[in-house]
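Novice: Here is how the chains run, residue by residue.
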Amino acid sequence: MRVELTREPLSLDEAYAVVRSPELGGIVVFSGSVRDSEEGRPLGAIEYEAYESMARSLLERLCAEVESRHSARAAVFHRLGSVPAGEPSVLVAAAAAHRAEAFAACRELIDRLKTDIPIWKTSFTPAAVS
Amino acid sequence: MKVRVLLFALARQLAGTGSLEIEVPGGACLSDVLADLPAWLPGARFALNEEFAGLDAPLSDGDVVAVLPPVSGG
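Here the protein sequences line up with chains A and B, keeping their order.
So the first sequence is numbered by the working numbering: it starts at 1 and just counts up by one.
So the second sequence is numbered by the working numbering: it starts at 1 and just counts up by one.
For the record, the hints were derived by calculation from the structure and aren't laboratory data.
Bear in mind the structure is a predicted one, so any value in this text is a computation, not a measurement.
Any given hint could be a false lead.
Calculated Cβ distances over 12 angstroms to all of chain B for the following chain A residues [claimed, not checked]:
(1) Met-1
(2) Leu-5
(3) Pro-9
(4) Tyr-16
(5) Gly-25
(6) Phe-30
(7) Glu-39
(8) Gly-86
(9) Leu-109
(10) Asp-111
(11) Leu-113
(12) Thr-122
Below 20 angstroms or equal to it, Euclidean Cα-Cα: the simulated DMTMM-like pairs (lysine to aspartate or glutamate) are [to be verified]:
(13) A:Lys-121 with A:Glu-52
(14) A:Lys-114 with A:Glu-65
(15) A:Lys-114 with B:Glu-21
(16) B:Lys-2 with B:Glu-51
(17) A:Lys-114 with A:Glu-23
(18) A:Lys-114 with B:Glu-51
Here are some chain A residues pointing at chain B (derived, C-beta under 8 angstroms) [as the list claims (entries may be wrong)]:
(19) Arg-7
(20) Leu-10
(21) Leu-62
(22) His-78
(23) Ser-82
(24) Arg-107
(25) Ile-110
(26) Ile-119
(27) Trp-120
The C-beta atom is built at its ideal place from N, Cα and C for all residues, glycine as well.
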């Protein structure tokens, strides 16, 4: 498993590479990106903050549970700080022997991340960002 | 007993600080430290030493409490 909280842009290639393994035939990567509008208003960027040490340990625990439950390999990358519209703020990857478990693992990771991990967002308009 | 309180997001904005050190009597629990704060932050959760905890959680010297508004990561 791999968990990373970083202020650097996220890499789809890295998320894929960290979970792949020759015996695992199915790899699913979910990318959550900052959209360019929110409730009809233009969005310039989203700023993410975290209780980093707690988020990291809870994410590791979440990955371990998901890996065990779905016989999968799991990875979560979440960006902190300012993420411009159009760029990914989170990448969640899961690899398993077959697609059913890979999809289920990936789904569970992102769903539980969004409800149980101490990370918060603040939205900024394009004017605020420029 | 000395307890550190960390505040995040809206909690930090309301309190005006992200970190406080507080003196509490022996036998105190989380609700003694937070007093009215939960009323100001509907849906907030609390952590004690990086684990979610209820308001009835007992405190020890050196504990780290955190006030966590509803999360919005991902």
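Novice: Compare the structure with each hint and give your call.
Specialist: Now for the hints, and whether the structure bears them out:
no.	hint	result
1	Met-1	holds (17 angstroms)
2	Leu-5	violated (10 angstroms)
3	Pro-9	holds (17 angstroms)
4	Tyr-16	holds (19 angstroms)
5	Gly-25	holds (27 angstroms)
6	Phe-30	violated (9 angstroms)
7	Glu-39	holds (14 angstroms)
8	Gly-86	holds (17 angstroms)
9	Leu-109	violated (9 angstroms)
10	Asp-111	violated (9 angstroms)
11	Leu-113	violated (5 angstroms)
12	Thr-122	violated (8 angstroms)
13	A:Lys-121 with A:Glu-52	holds (14 angstroms)
14	A:Lys-114 with A:Glu-65	holds (16 angstroms)
15	A:Lys-114 with B:Glu-21	violated (30 angstroms)
16	B:Lys-2 with B:Glu-51	holds (19 angstroms)
17	A:Lys-114 with A:Glu-23	violated (30 angstroms)
18	A:Lys-114 with B:Glu-51	holds (17 angstroms)
19	Arg-7	violated (15 angstroms)
20	Leu-10	violated (13 angstroms)
21	Leu-62	violated (12 angstroms)
22	His-78	holds (6 angstroms)
23	Ser-82	violated (15 angstroms)
24	Arg-107	violated (12 angstroms)
25	Ile-110	holds (6 angstroms)
26	Ile-119	holds (3 angstroms)
27	Trp-120	holds (4 angstroms)
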